[in-house]
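Peer 1: Here is how the chains run, residue by residue.
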Amino acid sequence: MSETVNKHWTRDADLLERFVLHRVDEVERTRLETHLMMCEECQSAVKNEQMLVLGLKRAGQEEMKARLRERLAAAEPQKITVHVPWMRIASVAAVVVILVGLGIYNRWFEKEQLSTSEQLIEPPRERDTSAERRQIEGQRDEARNVPRASELQRRDQALRQSRESPAGEHDVGLQRDAVEAMKLQAPAAAIAGAEKEDTFDAAEGVARQQFWVEGTVVTDPHKQMAAESTPSMVQKAKPVSPTVRVETQSASSPTVTVVERSLDQLPPLRQQRQRALAKQQVQTLVEPYEVGYRFVLYRGSSQKGEVEQTAVLRKISEDSVVVILGNEQIGYRLPPMLSRHLQQRSKER
Amino acid sequence: MSPSLSLVQSDERILQRIRDGDEETLVLLYRVNRRAVEAFIGRNSGTSDDADDLLQEALVVLWERVRSGRFEQRAQLSTFLYATVKNLWFRRLARKKREIATELDPEQTWDGQQSALEDLVDDEAAARVQRALRVIGEPCRSLLLLFYWEERSMEEIAAALGFANADTAKAKKYQCKKMLEKLLKEI
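Here the protein sequences line up with chains A and B, keeping their order.
Counting the first sequence from 1 gives a position; my numbering is that position plus 3.
Counting the second sequence from 1 gives a position; my numbering is that position plus 17.
In case anyone wonders, no lab produced these hints; they're calculated from the structure.
All figures in this text were calculated on a predicted structure; none of them were measured in a lab.
Do not rely on the hints blindly, as some may be mistaken.
Partial list, derived from the structure: chain B residues whose beta carbon lies under 10 Å from chain A [claimed, not checked]:
#1 Glu29
#2 Leu76
#3 Val77
Built from N, CA and C at the ideal position, the CB exists for glycine as well.
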C-alpha cells in the first residue's frame with residue numbers, strides 16, 4: 004500500500020473517487036491525506052475530482068429545483084378551480100332556502116284560511132275510507148262559505164223575534180230556529196260528524212258504528228221560564244201555551260233515546276274542540292242500533308248518573324234532523340253516512 | 018392532492034414516497050410549509066421570493082438526503098425543513114456580508130470559512146459541469162447524476178436505467194465520466 008502512496012495514489016481513479024465521496028475508512032483516509040500534504044500533483048487531482056463531484060451535485064440540485072418549480076406552477080391554477088366550488092354551493096343553498104320558504108308559506112297560508120272561516124278540522128283518521136275522505140273535502144269546501152258576523156247577528160235577531168211570535172206557531176218556529184241556527188254553525192258540525200268510530204258491542208256481539216256530530220241547542224223560553232220560576236212567579240208568568248206539547252214517539256219515526264254525560268267524559272280532542280265552539284253547541288255521539296238511535300250528549304259538569312230519556316227525531320231535510328227533548332230542540336246536520344243510514348231505516352219502516 | 022391531506026399523512030409515509038421517487042410529495046410539503054417559512058424569512062429581512070427559493074432548496078436537500086439514505090429522522094419533517102431554511106438563509110446572509118467585507122481583499126476568509134473568491138471559483142466550476150451535462154446526452158447524464166448526486170448504488174442504477182447488471186453500469190459510468198472530463202476541458 005505504501006508503494007501505491009508513493010506512486011501518487013490519485014492516479015487510481017476508483018480510489019480518488021472513493022476519497023472524494025468519503026467512502027474510505029478513517030485509517031486509509033489518514034494515510035492518503037499524509038501523502039496529499041506532500042504531493043502537489045495529487046492535490047490538483049483531488050481538487051479536480053472535487054469540482055467534478057460538486058458540479059454534478061449542483062447540477063442535480065438545480066434540475067430538481069427546476070422540476071419542482073414547474074410542478075408548483077402547474078399545481079397553482081388547479082387549486083383555484085378545483086377546490087373552491089363556491090358558486091355551485093351558493094346556488095344549491097339558494098334553491099333549498101326557496102323550497103323550504105315556499106313550504107312554510109303554504110302551510111301557514113292553509114292554516115290562515117281555515118282559521119278565518121272559524122274551522123277546527125281534525126285530520127281524517129287512517130281508517131276512513133277514501134270515499135269518506137272525498138266527502139269530507141266536499142264538506143270542507145262548503146264550510147268555507149260560512150256567513151259573516153253581520154249575517155249571524157241578523158239571524159239571531161230573527162230567532163229572537165220568532166220566539167216572540169204567536170204561540171200557535173211557536174213549536175214550528177222553534178224547530179225552524181234550531182235548523183237555522185244549526186245551518187249557520189253546520190259546517191263545523193258537518194265536518195265533525197263525518198268522523199265515524201267503529202266499536203265492538205259485547206252485548207250484541209257485533210261490530211257497531213258510532214258517529215260524532217255537533218248539535219245546536221235551541222231552548223223553549225216559555226218552558227224554561229216555567230221550570231225556573233218560583234210558584235209565585237208562575238202565577239204572574241204568562242201561561243204555557245197549549246200548543247207547546249211534548250212530542251210522542253210516532254210509528255214512522257225511529258226510536259231515539261238520549262243520554263247525557265258530563266263534558267269531562269269527552270275524549271281530550273273533543274274537549275279541545277268544544278272549547279272552541281259556541282256555548283249552545285253540544286258534542287254528540289250517535290250510535291245506531293237495531294230499532295233506533297242513541298244520542299249521547301256531552302254537556303255540563305253534573306255528576307248525576309246517566310239517565311236515558313226518550314226523545315223525538317224529526318227529519319227536516321236530507322241531511323238535517325232535530326231531536327226534541329223536553330223544552331229543548333237540538334238541530335243536527337248529519338254526515339252523509341248517517342243520513343243514508345237514516346233514509347234506509349225510514350224505507351224499511 | 019390537497020395540502021390538507023398531508024396533515025393526515027404520517028412523516029414515514031411521506032419519506033417512503035420520496036424513497037420511491039414520487040416528486041409530487043415535494044409539492045405537497047411545499048404547500049404545507051410555505052406559510053411558516055415566509056413568516057420566518059419576513060421577520061429576518063427577506064422577501065417572499067427569498068422564502069420560495071429557500072424552501073425549494075430545503076426540499077431538494079431533503080430529497081437528496083432521503084434518496085441517498087443519509088437522512089436520519091430526529092424530528093418532524095416540517096421541523097427539518099424549517100431548520101434547513103434557517104441555516105440556508107443565515108449562510109446566505111453571511112455570504113452577502115462577506116462579499117461586502119472582502120471588497121478590499123477577495124482572498125480574506127471570514128470566520129474560517131471559504132473566501133468569496135473560492136465561492137466564486139466553485140460556482141464557476143459547477144456552472145461548467147452543468148453546461149457539459151447538457152451536452153453529454155443520455156444515458157450518461159442520468160447515470161452520472163444518479164451516482165454522484167443521488168448516491169445510488171450500481172445495482173439500483175442498473176435497474177433504473179436498464180443495464181444488464183451492476184458491473185455493466187459501473188463500466189458505463191467510467192466511460193461517461195471520461196466523456197464528461199473531456200467535455201470540461203473543451204468548454
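Peer 1: State for each hint whether it applies.
Peer 2: Here is what the structure says about each hint:
The beta carbon of Glu29 of chain B comes no nearer than 22 Å to any beta carbon in chain A, farther than 10 Å, and the hint placing it at the interface is violated. The beta carbon of Leu76 of chain B is positioned within 10 Å of a beta carbon in chain A (closest approach about 6 Å), and the interface hint is therefore held. Here the hint on Val77 of chain B is kept, as its CB sits about 5 Å from the closest CB of chain A, short of 10 Å.
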